[in-house]
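K.L.:
Next come the chains, spelled out residue by residue.
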Amino acid sequence: LAKTTQPISMDSYEGQEVNITCSHNNIATNDYITWYQQFPSQGPRFIIQGYKTKVTNEVASLFIPADRKSSTLSLPRVSLSDTAVYYCLVGDHSGGYQKVTFGTGTKLQVIP
Amino acid sequence: GAVVSQHPSWVICKSGTSVKIECRSLDFQATTMFWYRQFPKQSLMLMATSNEGSKATYEQGVEKDKFLINHASLTLSTLTVTSAHPEDSSFYICSAVPSGRSNTQYFGPGTRLTVL
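Line by line, the protein sequences are chains A and B. Under the numbering used here, the first residue of the first sequence carries the number 1, and numbering increases by one thereafter. Under the numbering used here, the first residue of the second sequence carries the number 1, and numbering increases by one thereafter.
Possibly wrong hints are sitting among the right ones.
Said to hold, decoys possible - Lysine to any residue pairs mimicking SDA-like chemistry, simulated, CA-CA at most 25 Å apart:
#, chain 1, residue 1, chain 2, residue 2
1, A, Lys3, B, Val62
2, A, Lys99, B, Leu74
3, A, Lys99, B, Gly100
4, A, Lys99, B, Ser73
5, A, Lys107, A, Phe63
6, A, Lys99, B, Pro98
No lab work stands behind these hints, which were simulated from the structure alone. Here the structure is a predicted model, which means the values were calculated and not measured.
Using the sequences and the hints, build the whole thing.
P.N.:
Following this line, the structure appears as structure tokens:
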């Protein structure tokens with residue numbers, strides 16, 4: 001199972017773009033990268049998933065360099081409601097979903 | 001789409017009693033479900049992998065006789081905490097992987113268990 005490393009916490013002002021980087025140096029060829037958001041006392045919510053290059057959806061973008069040893073979740077123009085813990089997960093799902101290990105996550109605090 | 005529910009959302013019980021938590025995938029079938037436990041200010045810890053029609057696979061250190069998992073259908077998995085003690089108090093979260101689309105797990109809202 002690829003291990004991930006993220007900053008423990010980050011602060012940002014409202015309206016700014018926030019980039020959270022995750023390191024996964026031993027990522028395997030078939031591994032996908034998935035990001036989740038978790039609010040207190042709630043289950044994690046799927047944000048975005050990618051394999052390589054760039055993926056964008058209505059809430060975020062995911063940048064993955066060519067070597068795939070890291071990935072960056074980009075949240076455009078954050079608001080107070082984006083204050084949460086963000087988890088980066090890496091796992092091989094090519095032959096059926098395999099269990100993944102949650103790291104510490106990044107606690108994002110958005111400041112007014 | 002991809003909605004997972006848990007019931008109950010919270011439960012308080014006396015020490016020594018058993019508590020059952022249900023996890024349902026509402027709009028998809030899930031061959032695989034996972035059960036996690038989360039203590040305050042900590043990350044999620046995987047307890048077990050639940051596959052429909054077969055025995056659950058428990059992570060190291062998780063007592064299978066204490067945390068009974070039953071995945072009897074493609075939309076329902078249950079976790080029973082037997083003879084609960086105060087140290088079992090935690091936030092229990094399940095997730096489900098859509099059958100035929102195996103690259104994402106979707107999480108339930110969690111169940112807060114408090115053992116007095």
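K.L.:
Check the structure against each numbered hint from earlier and tell me which ones fail, lowest number first.
P.N.:
Failing hints: none at all.
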